[in-house]
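Trainee: Sequence:
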Amino acid sequence: MIKYWGTNGSQPCRSVVYCLRKLEIEHEAIEVTVPKDTRSEEFRRDVNPRGTIPTLEAEGVKCAESAAIVRYLCTKYDEEGILYPKEDDLIKRAQIDAWIDICNTVYRPAFMNAHIGIELNSKYNGKELASDEEQKHLVEDVCSKLEDFDSNLEDKKYLVGETMTIADVYLFNEVISVLALLKLDPSEQYKNIASWWELILKDEILQELTAHLRTDTSENVED
Numbered sequence: 115m116i117k118y119w120g121t122n123g124s125q126p127c128r129s130v131v132y133c134l135r136k137l138e139i140e141h142e143a144i145e146v147t148v149p150k151d152t153r154s155e156e157f158r159r160d161v162n163p164r165g166t167i168p169t170l171e172a173e174g175v176k177c178a179e180s181a182a183i184v185r186y187l188c189t190k191y192d193e194e195g196i197l198y199p200k201e202d203d204l205i206k207r208a209q210i211d212a213w214i215d216i217c218n219t220v221y222r223p224a225f226m227n228a229h230i231g232i233e234l235n236s237k238y239n240g241k242e243l244a245s246d247e248e249q250k251h252l253v254e255d256v257c258s259k260l261e262d263f264d265s266n267l268e269d270k271k272y273l274v275g276e277t278m279t280i281a282d283v284y285l286f287n288e289v290i291s292v293l294a295l296l297k298l299d300p301s302e303q304y305k306n307i308a309s310w311w312e313l314i315l316k317d318e319i320l321q322e323l324t325a326h327l328r329t330d331t332s333e334n335v336e337d
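In this note's numbering, the protein residues as written are 115 to 337.
Keep in mind that the hints are not guaranteed to be accurate.
To be verified - No more than 27 Å apart at the CA atoms, straight line, and that leaves these computed lysine-lysine pairs for DSSO-like:
| id | residue 1 | residue 2 |
| --- | --- | --- |
| 1 | Lys316 | Lys259 |
| 2 | Lys206 | Lys305 |
| 3 | Lys206 | Lys270 |
| 4 | Lys270 | Lys200 |
| 5 | Lys270 | Lys250 |
| 6 | Lys259 | Lys305 |
| 7 | Lys271 | Lys297 |
| 8 | Lys190 | Lys297 |
| 9 | Lys176 | Lys200 |
In case anyone wonders, no lab produced these hints; they're calculated from the structure.
Take the sequences, apply the hints, and build the full model.
Mentor: This is how it looks when you write it as structure tokens:
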């Protein structure tokens with residue numbers, strides 16, 4: 115049986131959990147407390163030497179990094195190509211892969227800098243939060259990335275094609291977390307994100323996984 119280590123407060127973990135549930139993959143979920151568990155010698159020795167989540171174990175082999183995990187799960191278990199197309203549509207698969215990579219290299223760094231500077235440093239790292247001026251720049255960077263994402267959704271229902279794919283799930287989990295952090299309503303500033311958001315939230319699994327982020331500004335922990 116597949117084993118999964120993670121927490122719902124983590125954006126990438128939610129994407130992995132989404133795949134596990136959507137594709138009805140039997141698994142054992144092990145809840146991880148960040149940073150207490152991930153920084154422990156036991157976790158680094160037995161689960162992930164880098165001390166990060168999500169981590170997955172399949173066929174006795176552990177795999178880290180959410181992008182690698184979701185690609186593995188979709189490739190092996192998504193027989194109908196619901197979230198990730200099969201090998202007969204490599205162009206669409208490449209487009210989805212590109213969006214996951216864009217998320218991790220363009221958007222996520224700015225979003226996580228904001229999470230750390232505005233919220234997480236004092237909670238988990240024993241450091242001071244960013245100054246007011248630094249926080250202003252962090253927010254400006256986030257808004258710049260959201261504007262870029264919004265422009266890429268122009269005249270689109272979903273990121274790739276006419277149905278929701280794992281790329282939408284991946285980006286949604288990042289965007290909803292940073293909007294909750296900054297208390298931003300997408301309908302007020304990002305009309306394309308707002309329209310896309312409405313479609314994505316028709317999915318019952320994502321509704322459940324992100325309920326806390328849509329009703330309050332509960333902590334959102336990422337490792």
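Trainee: Work down the list of hints and note, for each, if the structure agrees.
Mentor: So, going through the hints one by one against the coordinates:
1. Lys316 to Lys259: holds, 25 Å
2. Lys206 to Lys305: Distance of about 25 Å is within 27 Å: holds.
3. Lys206 to Lys270: Within the cut-off at roughly 15 Å; holds.
4. Lys270 to Lys200: Distance ~22 Å between Lys270 and Lys200 Cα, so the pair holds.
5. Lys270 to Lys250: With a Cα-Cα distance of about 31 Å, the restraint between Lys270 and Lys250 is violated, given a limit of 27 Å.
6. Lys259 to Lys305: Answer holds: Lys259 to Lys305 is near 14 Å, not above 27 Å.
7. Lys271 to Lys297: Roughly 24 Å between the alpha carbons, so the hint for Lys271 and Lys297 holds.
8. Lys190 to Lys297: Violated: Lys190 and Lys297 sit about 38 Å apart, past 27 Å.
9. Lys176 to Lys200: holds, 24 Å
Going through the hint list in order, the structure does not satisfy hints 5 and 8.
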